[in-house]
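**Q** Chains F, C and W, in that order, give the protein sequences. Count the first sequence with my numbering and you get residues -8 to 285, in order. Count the second sequence with my numbering and you get residues 4 to 255, in order. Count the third sequence with my numbering and you get residues 102 to 424, in order.
Rather than coming from a laboratory, the hints here were simulated on the basis of the structure. Keep in mind that the hints are not guaranteed to be accurate.
[As the list claims (entries may be wrong)] Here are some chain F residues the structure puts well away from chain W; computed CB gaps all over 12 Å: (1) Gln0; (2) Asn48; (3) Leu116; (4) Ile129; (5) Gly162; (6) Pro256.
[To be verified] Lysine-lysine pairs mimicking DSS-like chemistry, simulated, CA-CA at most 27 Å apart: (7) F:Lys85 <-> W:Lys402; (8) C:Lys115 <-> W:Lys175; (9) C:Lys23 <-> C:Lys196; (10) F:Lys166 <-> F:Lys85; (11) C:Lys23 <-> F:Lys166; (12) C:Lys36 <-> C:Lys116; (13) C:Lys116 <-> W:Lys204; (14) C:Lys170 <-> C:Lys116; (15) C:Lys196 <-> C:Lys222; (16) C:Lys170 <-> C:Lys222; (17) W:Lys175 <-> W:Lys249; (18) F:Lys85 <-> W:Lys204.
Heads up, the beta-carbon is just placed ideally off N, CA and C, and yes, glycines get one too.
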Amino acid sequence: MDITSLFTQFLSGLTYGTILFLVAAGLSLIFGVMNILNFAHAALWLMGAYFSYTFWNLMQEHSFAFWLSIPLAGFAAAAVGWLMEVVLIKRIYKRELYEQLLITYSVALILSDTIKLTWGVTNKLIVRPEMLRKPVFIFGAPLDSYFIFVILAGAAVAIGLWWFLKYTRYGHIVKAAVYSREMVGALGIPIPQIDTWVFTLGIFLAGFAGGIQAPIGSITLGMDTAIIIQAFCVVVIGGFGSLMGTLVGSLIVGEVLSFTILFWPEGAMVLIFVITAAILIVRPWGLFGTPMRT
Amino acid sequence: MNDTDPTILKISGLSKSFGKYAVLTDVNYSLQKAEIAAIIGPNGAGKTTFFNLITGYHNADSGTVLFQGRAITDWPRHRIARAGISRAFQVSNIYPRLTTYENVRQAILAQKKRTLDIFTPASGLARESTLELLELTGLLPNRDTVAGILSQGDKKKLELALALAGKPEMLLLDEPTAGMSSEETHETMELVKRLNAQIGLTILFTEHDISVIFGYARKLSVLYQGILIAEGTPEEVRRNEEAQRCYLGEDI
Amino acid sequence: MKNKYFFATILFMLAVVLPFIVPVFWVHVLTEILILGLFAASFNMIFGYMGQLTFGHAAYYGIGAYTTGLLMVKANVPMLATLPLSMLSAGLCAALLGYFCVKLRGIYFAILTMAFGQLVYYIIFQWYSFTGGDNGLQGIVPPEFLGKAANPYYFFTLIVVTIGMIALWIISESPFGYTMRAIRDNAERTEFIGINVQRYMLLNFIIAAMFAGLAGALWGPFNRSVAPDLTNWMHSGIPVFMTVMGGPFSFLGPLVGSAIYTFLMATVTSFTEYWPLVSGVIIILVVLLMPGGFLGLIDEKFPFLMRRGNGTGKTDGQGRQER
Chain F
-8 MDITSLFTQF LSGLTYGTIL FLVAAGLSLI FGVMNILNFA HAALWLMGAY FSYTFWNLMQ
52 EHSFAFWLSI PLAGFAAAAV GWLMEVVLIK RIYKRELYEQ LLITYSVALI LSDTIKLTWG
112 VTNKLIVRPE MLRKPVFIFG APLDSYFIFV ILAGAAVAIG LWWFLKYTRY GHIVKAAVYS
172 REMVGALGIP IPQIDTWVFT LGIFLAGFAG GIQAPIGSIT LGMDTAIIIQ AFCVVVIGGF
232 GSLMGTLVGS LIVGEVLSFT ILFWPEGAMV LIFVITAAIL IVRPWGLFGT PMRT
Chain C
4 MNDTDPTILK ISGLSKSFGK YAVLTDVNYS LQKAEIAAII GPNGAGKTTF FNLITGYHNA
64 DSGTVLFQGR AITDWPRHRI ARAGISRAFQ VSNIYPRLTT YENVRQAILA QKKRTLDIFT
124 PASGLAREST LELLELTGLL PNRDTVAGIL SQGDKKKLEL ALALAGKPEM LLLDEPTAGM
184 SSEETHETME LVKRLNAQIG LTILFTEHDI SVIFGYARKL SVLYQGILIA EGTPEEVRRN
244 EEAQRCYLGE DI
Chain W
102 MKNKYFFATI LFMLAVVLPF IVPVFWVHVL TEILILGLFA ASFNMIFGYM GQLTFGHAAY
162 YGIGAYTTGL LMVKANVPML ATLPLSMLSA GLCAALLGYF CVKLRGIYFA ILTMAFGQLV
222 YYIIFQWYSF TGGDNGLQGI VPPEFLGKAA NPYYFFTLIV VTIGMIALWI ISESPFGYTM
282 RAIRDNAERT EFIGINVQRY MLLNFIIAAM FAGLAGALWG PFNRSVAPDL TNWMHSGIPV
342 FMTVMGGPFS FLGPLVGSAI YTFLMATVTS FTEYWPLVSG VIIILVVLLM PGGFLGLIDE
402 KFPFLMRRGN GTGKTDGQGR QER
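Just chain F, with the same shape it has in the complex (with noise of 0.2 Å):
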C-alpha cells in the first residue's frame, strides 16, 4: 500500500463525507431546534437526486443545465419539507416521542413510494459536462473531478451555515433555539415560523445534498436506506444541534467507510456502528453536542 493510493482513499472518504455531512447537518439542526428526528430526511435527499436529473433532462441543451439543476433540486425538496411541515410536523410537535418517530418514519415509506411511482424503476443517469470527465492528479493521486466540485460545495456550505449561525439574527435565534426553546418563545419570537424555516432550510441542504449526489453515479430506489442510517450515526458522533459535531461526525464516518473497505470491506458498517454506540454509551450527547435535553 503506497501513500498515493492511500491519497486516493483519503480523498474518496473526504467526499463521501462531504455529501454526509450536507444529509446530516439539516437532521441535527432540525432535531437540535425542534427534538424531531426526521426518518424521512435521506427520502428527501433521494428526491433532490431525482428533481435534479429532471431538471436536468428538461434543460438538457443548454451548457448551465448541469449547475443549475442541483440547486433547483435543493429548491424543490425544501418546497416539500415546507409541506410536510406544515401539514404534519405542525401537528405533533407536543406529541410523544414514538408518535413523532412514526409520523416521520411513515412520511419516509411514503416518499420513497411517491418517487418510484413519478420517476418508474429505471436507474437515471445524468451526463457530465466533459470538463468533468477525465480524473485530475493531486500528488500524484488519481481523483474524479467533480469530486473536487462535491468538496469545495460542502465547503462552501459550511461557512454559510457557520455564518449563518455567527453572524445572522436569524442565526442566533436558531441556535438560542438550540439551547432553550422555551427562552425563545418567551423572548417573543415566534416559534412555530422558526420550526417551519428551520426545518426547510434543513431539507433544502438534503435535496442539495441530493442534487450533488445524483451526478456521482446513477440514481437508483432504496439509496435512501442506507444513507438515513449513517447519517444518523453521524448526528450522534458529532451531537445534535452542533454544526462542527456534524462536520467531524462526517468526516469520521466518511473516512472509516473509506479506509475499511480496503482493508476489511465486510468490517466496515460493523465499525461504524461500534463507534456509534460507544459515543452514545459514553456520551450520549455527542462529540461536540451539549448534555441538555433527553
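Position chains C and W relative to chain F; hints supplied.
**A** Chains C and W alone, transformed into the frame defined by chain F:
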C-alpha cells in the same frame, strides 16, 4: 459501631457546587435517633440540595455522610433507600398512571423485596399492609383513583405514604405540607409526630410555614446561602441574632 | 372483573375456528399474525410497560430465527428443542447489548437499540460462511408430524404463541410487571423506594428479547428460510406499527395490531405493490386520529368490554393521552 450510639446521622464537611455556584459549603450536621428536626432558610439556601446529597440524588463534591455509622456518601440512591432513609419530595413525585392503591403497594412490595417475583399476581400481594398505610395517611377514600388526577394535597399525602412504605429509620420530608389545606397540614404533621412517638422514627424536614416549624420541630438548623449559620432548640434559634437577621426577620 | 378474560377468550376461539373456514392462503396469514403478534407483544414489554421505545427489537427476533435455522440445517437438532435454545441465545445477546441500552432513556435509548440492531444485521449479512450472508438460510423444514399442509403448523404456532402470551401476561401482572409500570411512570421515584432501576430494566429487556426470539424461532420453519432482513431497522419498525395500531395501553393491543396490520398487508399487496405508501398513510392517520390505537377506541366506545384501572391506563398524569 455500637447500638447504643444515639447518633443516627453524622455529616461532616459536606460541600456541593453547580458550576461556579456554591450551593452548600462545608456543612457539619448531626442528628440523634428519634429526633424531630427541621432545616429552615430562605429559598435557594440549599435545603433541597442538602436532602439531595443525603439521599444520593446528587453526589457531594467533598465531605462525608454517616448513617448509623456507615459511610453512605457515594452509595447509589436505591441502596441508600434500602439502608433506611426514605424521602418525600417537595414537588410530589408519584406514579401518575397507577392508582393510589397500586402506588402504595409498589413501594411496599419494594420494601418487602418482592419486586423480582415474576409469577405471582401482584393484585393479591401485600393487601393488608397497603390498606393499613392508605388508612394511616387518609388516602383510603381515593384508593382506586388514578394518582395523576389526585388533588395537590392528596398527592402530597401519597408522597408521604410512599416514603413511609419503605419502613425507614429516618424520614426526610421536603416541605411536606406545601399545597395542603391548613386542616390537612395539621393532620399530616400530627401523623408524623405520632409515628415519631410510637416507633421512634427519626424525622428531618424543611418547611416555610412558621407555625409548623415551631409547632413540631425540637431542633432547628438555619441554612443561609449554603452555610449552616445557627442551630439549637426552637427557643435558642428564635433568640439567635444572626438567624433573625438572615431569615426569620420580623416574623417572630 | 368478570370481563377480564372475555376478550382474550373470544380471540382464542376465533383463532381455533377460523382455519377450518378460510382458504389455505389465509391460514398462512393467520400463522403470520400469531408469530408477529407474539413479537409485537414482546416489544410492548419494553414500550408499553417499561416506557422506552426500542427500534432494534428485530435483532432478537432475527437471532431467534437464525438460532433455529442454523441448529436445524447445520446440526439437525429437532425443531422443538431449538425453541428454548432460540430464547436462550436471544436472551444472552440482549443481556450483552441491553446492559448498555438501559443506561440511556428516550431518544438515546431508541437510537442505541437501533444502532445495535443494525450491528447485528451487518454481522449476519457479512458472515457468509456461518449465516449464508444475504442469501440467508434455506431448507428449514418443520418436522414430519407438522406435515406439509398449512393447518398443523398453524395449530402448533397457536399453542406456542398462546403459551408465550400467557407467560407474558403473568409477568406483566406480577410485582415485576408493576415495577416496570412504576419505572415507566417515574424511574426516579422508583430508585428512591429502593429499586435498582437499571438492573430491572435490563431484566425486562432480556425477557422481552427471549420472547421475540421465540417468535423468530417460529418464523424460520414457517417460511422454510430466514434472511438477514429479519433483523434490520425496517423490520424493527413493524412491532412499533402493530402496537400503535392495536393499542399500546392494553396487553392484547399488539396482537390485535398484528392482526390488523398483517391482514391489511395481505389484502393490499394482492392488488398493488405500493404497500409502504398505503401503510404510511394508515399509520399517520392512526397516530393523528386514534392515539390509543384500535383497543383504545373500543375502550372509549364500549368500556364494558375492557377491564379498567390495570395500571396501563390512558392518563399519563400530564393529561397528554386525554385528547
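**Q** Hints first: check each against the structure and report whether it holds.
**A** Hint check:
| no. | hint | in the structure |
| --- | --- | --- |
| 1 | Gln0 | 20 Å, holds |
| 2 | Asn48 | 24 Å, holds |
| 3 | Leu116 | 24 Å, holds |
| 4 | Ile129 | 32 Å, holds |
| 5 | Gly162 | 25 Å, holds |
| 6 | Pro256 | 8 Å, violated |
| 7 | F:Lys85 <-> W:Lys402 | 26 Å, holds |
| 8 | C:Lys115 <-> W:Lys175 | 48 Å, violated |
| 9 | C:Lys23 <-> C:Lys196 | 39 Å, violated |
| 10 | F:Lys166 <-> F:Lys85 | 21 Å, holds |
| 11 | C:Lys23 <-> F:Lys166 | 24 Å, holds |
| 12 | C:Lys36 <-> C:Lys116 | 25 Å, holds |
| 13 | C:Lys116 <-> W:Lys204 | 23 Å, holds |
| 14 | C:Lys170 <-> C:Lys116 | 12 Å, holds |
| 15 | C:Lys196 <-> C:Lys222 | 14 Å, holds |
| 16 | C:Lys170 <-> C:Lys222 | 23 Å, holds |
| 17 | W:Lys175 <-> W:Lys249 | 21 Å, holds |
| 18 | F:Lys85 <-> W:Lys204 | 25 Å, holds |
The structure shown violates the earlier hints numbered 6, 8, 9.
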